[in-house]
Structures are given as C-alpha cells and as structure tokens.
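Residue-level listing of the chains:
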Amino acid sequence: MLYTMKDLAAIMPELIVAVFAFAILLIDLWLPKKSKGLNGVLALLGVVIAFGVTASMYSKNISAFNGMVVMDKASNFVGIIMLLTAFASIILSFDFIKREELEAGEYYEVLLFSIVAMQALASTYNLITMFVAVETLSIGMYILTGFLKNKNESVEGAMKYYILGSFASSFLVLGIGLIYGLFGSADLNIVKAGLAHADSLHKWASILAFLFIFVGFGFKIAAFPFHSWTPDVYAAAPTPMSAFMSIAPKAAAFLALLRFLIVGMGPIEVEWTKILWVVAVFTMTFGNTVALFQKDLKRLLGYSSIAHAGYMLVGITAANYLGYGSVMFYLFGYLFMNLGAFAIAEFISTKEDRGTEIANLKGMGYRYPLMGAAMLLFMFCLAGVPPTVGFVGKYYLFSAAVKSHLYYLAVIGVVNSAISAYFYLNVIVTMYMKGEPEDAKPVFNSVPLKVVVMLGALGVMYIGIFPSTFLDIAIHSIGF
Amino acid sequence: MMIVIWGLVKFVALMLIVSVYVLFMTWFDRKVLARMQNRIGPQLVGFHGLLQPLADTIKSFWKEDIIPTRSYRVMFWLAPIITITTAFAAAFVVPFAPPIKTASGVFHFSVAHINEAMLFVFAFLGLSSFGVLYAGIASGGSKYPFIGAQREGAQMVSYEIILALSLLNPILMSQSLNFEQIVAAQTHHLWFVFYQPVAFLTFLISMFAVSAKVPFDLPEAESEICCGHFVEYSGLKMGLYPFAQYVVVLVMSAIMVLAFLGGWTGPFWSGGFIPGLIWYWIKIAFFIFLFTWAWGTFPRYRYDQLMDIGWKVLLPISVLNIFWTGFALTAGLPFF
Amino acid sequence: MVAIMFFILSLITIGGALGTVIARNAYSSALWMITSFLGVSGLFVMLNAPFIAMLQIIVYAGAIAVLILFVMMLMDRRVLENKDRFNPQYLWGAIFGAGLLADLLALALKFKIDISQAGKNLTINGSNTKMVGDVLFKHYLFPFEMVAIVLLVALVGAIVLSKDDEKEAR
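Residue numbers (our numbering), protein chains in the order written: chain A, 1 to 480; chain B, 1 to 336; chain C, 1 to 170.
In isolation and in its complexed conformation, chain A is listed as follows (with noise of 0.2 Å):
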C-alpha cells in the first residue's frame, strides 16, 4: 500500500502546524535574547496559514492512511474553532510571556504540537490514533500549565493535572484495549459492525469498555467525577494558556467522544445515554453550585468550564442531530465567550501575585469602561441572556434534549443557568456598584490583549443576534 498526495492533503492543516513547530523549534536556537518575540510572530502565521488551509477545504470528505484519519466537516469546523483559540491565545501569550520574563520558544512549539495533536484528535475514527492524539496533547498541557516554573502555584497545579491525567489514560487504553480485544479492530466502522450483531456478553463487556474511555475523554471534557483538577490548573497555568486549554481540547474531545459514540458505540445508544444524563446533570449541577463559592476569577471560570461542559453533554445525550450539531454550534460560541472572560482576568491579573480575585475587578466599570463593558457582555453571555451567543447556542441544546423527550433534563438544564446567573451577576455588580477600592491595582495594559477582548465581544453580539449562517453550518457539521 502506497501513500498518494492524497493522504497528505487529509493531514494538511495538522502538517502546517507541525511544520511551523519544527521550524520554530530549529529557528529558536539561533534567535538572540532579544528578539525572541519573533517566535510568537511565526507561531502566529503558522496559525493563520492553518486556519487558511482549513477553511478552504471545508467540505472536502477524505479518508486517508488507510482510514488512520480522515477530514470531513465536523473535524474541519472543530479545527477552525481549535485555530481560533490559538490564534487569540497566541496574542494573548505576546505580552504575557514578556511580563513572566518566559520568552522561550518552548513555549509556542508546545502549544503547536499540542494543536497538531488535537487536529489528529478531531479527524479520526481509528481508537489507536485517538489515544496517542489524546497523549500527545496531555503532555503538551502538562508542561503549558507548568511554564511558569518560579511560582509554586504553576508547578503545583501542573503536577496535580500530570498525576490525574495519566490515571485518566490508563483507563483510556484499558477501554481500547477491551474494545479491541471485543472486536479485534479499533476502528470504529468495524466496532459498529461488530456490535451490531454482538451478544449480550460482548455488549455488556462494551459497555465496560464505554465507560473506561469515557473515564478518559470525560477527563479531558471535565465531566462531573473527573473535574477536580479543572479549577487549580486553571488558576495555575499561565492566563493565556488557560484560555486555549479551556476550550481547543475540549472541542477536540467532544468531536472524539461524539465520534465515538456515534460511530462506534452507535448499536448501544439506549445505554450510553442513561449514563450520560446522570453525568449531565451531575456536571452542571456540580459547576454551577461549587462556582457559588468562589473568590477567584479564574476558578469561578474553571467551575463554570465544568458546568458547560454539562450543558454540552446534554446535546449529547439527545443523541439525535440537532443534539450533536448544538454542541457544535455552543462550543464555537464558548470560544468567544470564554477566551474574552479568560482575556479580561489576564487584565487585571499582576505579576507579583495572581491578582485574579474577583474583589480586584472593584469599580473597573468606571476606570476602564471599555474594558467593563466587554467584560459585562462575557459574563451574560455565560449566563445565557439574550442576545447573546449563549442564549442561542443553550436554547438549541436544551430543544435538542426536549425533542428526544427528556424533559427533565432540559428543565435540570434551565435551572442550572438560572443558578449560574447568581454568580455572573455577581461578577458585574462587583464591577459596577461595589464602589472603588482602597488601592486601586495596576493593570496589565496590553494593546493585543485588548483586540482579543473586542473582537471576543464582537463575535459574541454578531453570533447572539445574526446565528443563523453559524448554526446551519455546526448542525451539518456531523454527517457520520
């Protein structure tokens, strides 16, 4: 078997990103100390160029390496949002790491590797693929969220996601290993056929299966019992890369997961959606009331990280395709909504200490209006208050879980949002009527960081009031 240009063409975007990674890997090393900026610049065009590739072969339909990947719709749309996020973290990073004093080229090529992986993860049916994707990219987490390795913090919050994230994996490739086993194949096509005709030992051995590598991509969704270590490794990383990892991973599993259970776990979908309400609704429930508590921006948004990725479980457990494709639809419109939020923490946020108390956004509304405003329309974005993105993308799943008949679960669903509207309101009252504080904090001025800010805020409005064009192209985004 002979690999074409074909084959090439189905890895086109993933093979930019990585060319770019190597480049900035060899170009590093002859980079003087000043001038290393130029790291961020190539890392950015290598974006750029990605996003580019991707979004012109948007409709392109290919299997290739022998069915090792393949690029379809659903994988490009959730590259485009994976781009996205690099592209406004990569601008977020520019002045960040100049402030951390961290200008390394490590830095970017980690981030770039992890992309490439993710893309690998988002455009593939083949289980052995997906695992090392799923590694590649959990590595280059661990050591995004451990960069800032002078403050204790980072290193802590790093070691607790590396201890738990390869927990996560063992029982990842033990759930491979059972399907293969099961069905002597890891494709997923072949696992569908396989279980189709299954006994009732291979299907309950499936299920066993089911639920191992739901323990890993659960992980990585922070799905309720698998969450702890969302909030402190939030907090920890280094903002901007809290921002990426709050969102392109969690793209790339959720497009991995549907994959697989669709495609793979498909003959079973009566069981795997019974397990996957109580993990809805025990993830929303769980985010939105521990996020009550909280003092810290950061975390508040960890939790609430937590409690989307609830919201987006129940498109799952709709299990039909507006389900899938509102899932799509919301976590094009989390970017926006959650990279601003995670923007706006970086703003007010110090180099000395973390400063990302949420006491610290006192009276920002009056000082930096501008600022206040975007950061207003993040918060009720995140609550779901129209007309906003997240009104749009929360109705669409919540109706999705209404028409497979799950009442239940989309009235869970509603009261949670009204639960989390307590504390993003609170957000916006400390920003607008708790009065100026003693000693008002420098904040972090940094004019890329403030683009990212309003194009998040610009995205948010258009998206709220214009989806239409958006949610056609996510709801036909899963053709498998």
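Keep in mind that the hints were calculated from the coordinates and are not lab data. You may find that some hints are simply not true.
[What the hints assert, rightly or not] Which chain C residues face chain B? A few, computed with CB under 7 Å, are given here:
no., residue
1, Ala26
2, Tyr27
3, Ser29
4, Leu47
5, Phe51
6, Met54
7, Ile58
8, Ala61
9, Gly62
10, Ile64
11, Val66
12, Phe70
[Claimed, not checked] Output of the computed footprint for chain A on chain C, the stretches with three or more beta carbons under 8 Å from beta carbons of chain A:
no., segment
13, 34–43
14, 86–94
All of these numbers come straight from a predicted model, not from anything done at the bench. All C-beta atoms in this analysis are idealised placements derived from N, C-alpha and C, irrespective of residue type, glycine included.
Fit chains B and C to the supplied structure of chain A, relying on the hints for placement.
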C-alpha cells in the same frame, strides 16, 4: 541434534581462537607501541618476546586476589564475568570466515547464524557496559571506579546511538540485518564505504568510543583516574577487563569490514573460500592495527569534548546522512 | 526440547522478577531486573519474534536499565542501602498480583497453547522483522508518526521545566 553439536564445536573453536587472539594482541600492542616510542618492547621470553603474554597470564594466576572489605562481594565477582560474557556473546553472531556451500546447504562460520545478527551485536555490546557499571558500584564507594563507571555508562549510551545510526545506512542499502546478506549486497555494488563515506567516518569514530579505546578511553584514563573502573581489581579478575576490551575491538573491526568494506570480497582474486578468508582477515587486521596506532599517537579527549563530539557533531550528521540515504534509495539515484 | 527451553527461560524470567522484588540491595535488584529482561527476550525468540527480542534487550536492558543504574549511582548509596524494601501498601500489590496470576492460570488451563506454533502467524519467512516494519510503517504509519511528536514534546518539556534559568546559574 546436528545443529547443537555443530554449535558446540563452533562455540569451543570461537573461544579458543579469540583467547589466542587476545593473548597475542597484548604482545602486538606492546610491540607496536614500543616501536612508536623508539623502544624495543618485550624481547626476552621466546622469539621476539612472543611468549611474553603466556608468561603474564601464568603470573596473573598466582597473584593475590584482593577483594576490598567494603565492596559488594557478589557483584564484585559478577562484574568482570558480565563484561567478558557479553563481549563473547557479541562475537557469537559474527562470521569468522565466508560461508561454504555444501551438499546439505550452506555452512556458516558463526556460532549462531541468525537474521537479526546486527541487532544481536548491538544488544550485547550495550549490555557489556553493565560489567563496567557494576565494577564501579561494587567497589564499595571507591571514588575512581565510581567515576570511571559513570563515564563508561554515559559514553556507551551516547555513542551506541551514533554507532546504530551509522550502521543503519548499510542496513537500509542491503535491506537486511544479516551480515552475510550485507556482504552479498556489496558484491552487486561497490563496497558501501564508497556510497557512505560519512557513515563510515562516524562509525569509525564511534567505534573507538564504544570500545573505550584511545582517544576515547575516558572510563579508564590512567593519568586522571588511575585505571577507572578496575582500580580495585587485581589478579585474574583485573585481566578480564582488557581481555573483554580486545574482544570488543575484534567484533568492532569485523562489523566495520562486513558493513562497509565488503567483508570477504576483494578488489581482485576474490570468490572461493581461501581468498575470501585472506581478504577478510587482512581487512580486520588493518582495523585492529588502527586501534593500536591510535593508542600510540592520539592524546585523550576531555570529557566535555567527548560529549560535544557525540551529541553536537556526530548525531546531527548521522541523522542527516540517513535522510540522504533514504532519499537516494527512494529516488533511485544511479549509484544506489 | 522446546518445553525444556521454555522452562529454563521462564525460570530465568520469573526468578529475575522475584529477585528484583526481594533483593535487599537496590543495585542487585537492578541486576535481577536485567536478568528478567533477558529471560523475556528469550521467550520472544521462542515466539518467533527475534526482532522484538533484540529490541527488548537493546531498549530495556541496554538503555533503560543503564539509566536506572545511572540514577542510582547519582544518589547517596547510604540512603539507598537503608531503604525499606516494601512500602506499607505491599499487601494490595500482592493481592492484585495473586488475582492476575489466578486469572492467567485459568486462561492457560482453558486454552491449550502450542508453544512450538505460537506467534508463527505473525512472521514472514520465520522472522517478524519484516512484519513489524509492515505493520508500523504501512498500516499504522500515522499513529507512529504521532508517537514521534509525543516523544519530542515530552523531551522538550522535560528540558524546559527542569532547566535552571540562566540568571540563577550565573
């Protein structure tokens, strides 16, 4: 059953040949070194001192065998045994003469004729560093052996990579890990040294480093750390370390000849068993002489220089060379 | 003949593994471990997998065990010598090990394995070297290349996170 008997016969023959070779290598080394330094060398025992190594061996049997009190006794015993065993094991798969076609098949002059011979040699050369490492550990916290052992470990780990990477080129070109097939591939083409001069040079350099010979004899640098890993050894056990080193030198030279210089083929008068045998051993003898030559003429490298040469020069060159070979083979360049 | 070879090799493997666990001295533990690796590689040869056998020696015994020894050499030997052999959780390990053993025994009794034929279907001309190449570089090429990236990222990360800053070094 025949295979077992023949294996045993070959095994005994190999042991004898290699032992005799090592004995006379010590004489040869001393003689050549003496000539290079304008001395005469061993002269008294036998014709031109030929029996000197025998006398030395007999002497070392009667020497007092000291085991330091703080040493780990069992490991102290095992270390030289591991070294010598692995060195011999590496020699098992190396053919010592061209194969003969007989009525019942092909007769191979290696103790074990396996397809993965190249990997086998790597495996056991890698293991032979354990003897040295354990010598350092077992000497009971004595400083010089400890430093020597660490140097040996680091050197082996670094240079085995380069050794393997440079041998990958002949392997790629002949598409085999079997020495006889690699030689056969060179009869169709020119010798691989003409296609792979870079790999030849990197192998030549790493050959010295892996067998820990001058100019890379850091593990046992006499003038810095006395004798490195075998400072605490005495008598016969001490003798086993140079013994194993000579065996490694022989194996290395043989691999060099097999992989790059066409084994038993010659520029003229080749084919047939006797010419093959003669060509083969002339080439091996040349490389063995090269080791002695380097010993007499080269200064020792510093430790950081050794590591720099390995990781910063040879490794990138070897990797690029493999890319080149792969490209040339895939593109079907005229001489490949 | 085959059975005798098998029992010798299993004895080496199991004995080595046992020695690794119960040796009093960490250095001899490492030596036992290497013995066990050698036994395992012998078993691979019996399974018609000489390529894997050789890699077992080169990678595990040759490289990994050397690194383990290296780390131990960099530690204070008095610390190493006074370490307890077992941590307080050894009972759990023993229980799990016993469970696994029982499981494997049950399997071995249920499926009669013909040792002389084992692994034959995974070879080309009696050797699995070509087969490994085929599987890795044709069938699983993409994951294989991804693994290269895993290793690179892990390597880069380990260096970045453990490197002293130049400022502090000066």
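Status of the hints after comparison with the structure:
no. : hint  : verdict
1   : Ala26 : violated, 10 Å
2   : Tyr27 : holds, 5 Å
3   : Ser29 : violated, 11 Å
4   : Leu47 : violated, 14 Å
5   : Phe51 : holds, 6 Å
6   : Met54 : holds, 4 Å
7   : Ile58 : holds, 5 Å
8   : Ala61 : holds, 6 Å
9   : Gly62 : holds, 3 Å
10  : Ile64 : violated, 11 Å
11  : Val66 : holds, 6 Å
12  : Phe70 : holds, 6 Å
13  : 34–43 : violated (count 0)
14  : 86–94 : violated (count 0)
In summary, the numbered hints that this structure violates are 1, 3, 4, 10, 13 and 14.
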